[in-house]
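Given chain L, put chain X in place with the hints provided.
Protein chains: 2
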Amino acid sequence: MAAGDATLSQYDWHTYPDVPLTPILTVALNSFQELGYHGTTVRAIAAGANLTMPTLYYHYGNKEGILFALLDIALDDFYTHIDLCLADADDNPLHRFENYITTVALHYTHRRDLAMLHDEYRFLGDTLREKYLTKRNLVQTKLEDLLQDGITAGIFDDKDPHFTARVLLGMLGGILDWYNTNGPLTPTEIADRYTHYAVRLVTKHTEA
Amino acid sequence: MAAGDATLSQYDWHTYPDVPLTPILTVALNSFQELGYHGTTVRAIAAGANLTMPTLYYHYGNKEGILFALLDIALDDFYTHIDLCLADADDNPLHRFENYITTVALHYTHRRDLAMLHDEYRFLGDTLREKYLTKRNLVQTKLEDLLQDGITAGIFDDKDPHFTARVLLGMLGGILDWYNTNGPLTPTEIADRYTHYAVRLVTKHTEA
Numbered sequence: 001m002a003a004g005d006a007t008l009s010q011y012d013w014h015t016y017p018d019v020p021l022t023p024i025l026t027v028a029l030n031s032f033q034e035l036g037y038h039g040t041t042v043r044a045i046a047a048g049a050n051l052t053m054p055t056l057y058y059h060y061g062n063k064e065g066i067l068f069a070l071l072d073i074a075l076d077d078f079y080t081h082i083d084l085c086l087a088d089a090d091d092n093p094l095h096r097f098e099n100y101i102t103t104v105a106l107h108y109t110h111r112r113d114l115a116m117l118h119d120e121y122r123f124l125g126d127t128l129r130e131k132y133l134t135k136r137n138l139v140q141t142k143l144e145d146l147l148q149d150g151i152t153a154g155i156f157d158d159k160d161p162h163f164t165a166r167v168l169l170g171m172l173g174g175i176l177d178w179y180n181t182n183g184p185l186t187p188t189e190i191a192d193r194y195t196h197y198a199v200r201l202v203t204k205h206t207e208a
Numbered sequence: 001m002a003a004g005d006a007t008l009s010q011y012d013w014h015t016y017p018d019v020p021l022t023p024i025l026t027v028a029l030n031s032f033q034e035l036g037y038h039g040t041t042v043r044a045i046a047a048g049a050n051l052t053m054p055t056l057y058y059h060y061g062n063k064e065g066i067l068f069a070l071l072d073i074a075l076d077d078f079y080t081h082i083d084l085c086l087a088d089a090d091d092n093p094l095h096r097f098e099n100y101i102t103t104v105a106l107h108y109t110h111r112r113d114l115a116m117l118h119d120e121y122r123f124l125g126d127t128l129r130e131k132y133l134t135k136r137n138l139v140q141t142k143l144e145d146l147l148q149d150g151i152t153a154g155i156f157d158d159k160d161p162h163f164t165a166r167v168l169l170g171m172l173g174g175i176l177d178w179y180n181t182n183g184p185l186t187p188t189e190i191a192d193r194y195t196h197y198a199v200r201l202v203t204k205h206t207e208a
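Chains L and X are the protein sequences, given in the same order. Per the UniProt record's numbering, the first sequence starts with residue 1, numbered consecutively. Per the UniProt record's numbering, the second sequence starts with residue 1, numbered consecutively.
Looking at chain L on its own, in the form it has when it is part of the complex (with noise of 0.2 Å):
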């Protein structure tokens, strides 16, 4: 199961306790963000982090063993989020494509910064990123299901699941582009509208 369940069980999926990392990768995450992959150094994460260099491979290996697990960290948590708001759904396919719709959103606000790292995971080797998109994956075919659950029951008119959760995801991904904690607009706030846009965009234009 997901690395952050013994913190996050005891709470509500809309809430975000700070994920606990250590202190290589808290002084990576920043480095990667302010310098990119490429110009953040291993030397310089292990001064940052007040270690010397062999503690720091003996942990994580090398500079692309650390951007993965800050990204396998990412994506814990965002499972266990996930997980915790589809089981508080009732059976309603709408229901729990909202759920879900706002699980997404609350993750790239509360969680922007390791968010933002999934642009670097294509610097990656091989082996790690092939690891890696598998595992990230599950948030497009998990969304494909809840969307054809809904058309299965005629909630949702739609033709093309797979294609359409790459809409929506890219949508709630662009919540990156501009979110700041100083803006005008909560997570929460940010959610309920993106779930709005989201239900609008999947149900039908009827003629009641």
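Watch out, some of these pointers could steer you wrong.
A pair counts as met if it fits within one copy or between any two copies, since identical chains are not told apart.
[To be verified] Computed list of lysine to aspartate or glutamate pairs in DMTMM-like fashion (alpha-carbon distance at most 25 Å, straight line):
1. Lys131 x Asp149
2. Lys204 x Asp192
3. Lys204 x Asp160
4. Lys159 x Glu189
5. Lys204 x Asp119
6. Lys159 x Asp177
7. Lys142 x Asp160
8. Lys204 x Asp157
9. Lys131 x Asp119
Note that these hints are calculated values from the structure, not bench results.
Positioned in the frame of chain L, the structure of chain X alone reads:
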């Protein structure tokens, strides 16, 4: 006016003739994509373009100048298409909105390589970053205007064009996450689908 005008104005806005790039910019674009901005050296760009370092510095100043030149060329091409697509629409706010969404979607498919560079703008220094963002922000403000026109005309059901424009542009930007030229859908088919979704997102779910 935009730099690409002389070439493009002979064409329909649905067409995307190759953007002429100097050898330096062609090499730099490939390198920025493969290695990121910080992973790219000016020396490697000069070598790849078969030019001396002084020649490169003479034309672009430094690596930042090269990145800015590419971002600026991408924007000029983008705005040329935007101008043409709006000139091609009648006064109906819905039609203008549809053309706008379509041209943004076409930009993110036909111009994927250049559009991907946007992620690197954060590495520009203050002056050039501000200059780039000011120019790029017109994509957002123009869409806000189009949304406001549709709201005023009673066609769109939306209360916050600023926010909604962000949502729509985020949705369209998501194309960069998954589009590749080997996929089953053409740029035109993709643009049609996104335009359909965008119209759904901003129009009333009416009881006609």
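Ascending list of hint numbers which this structure does not respect
Per hint list: 1 and 5 violated.
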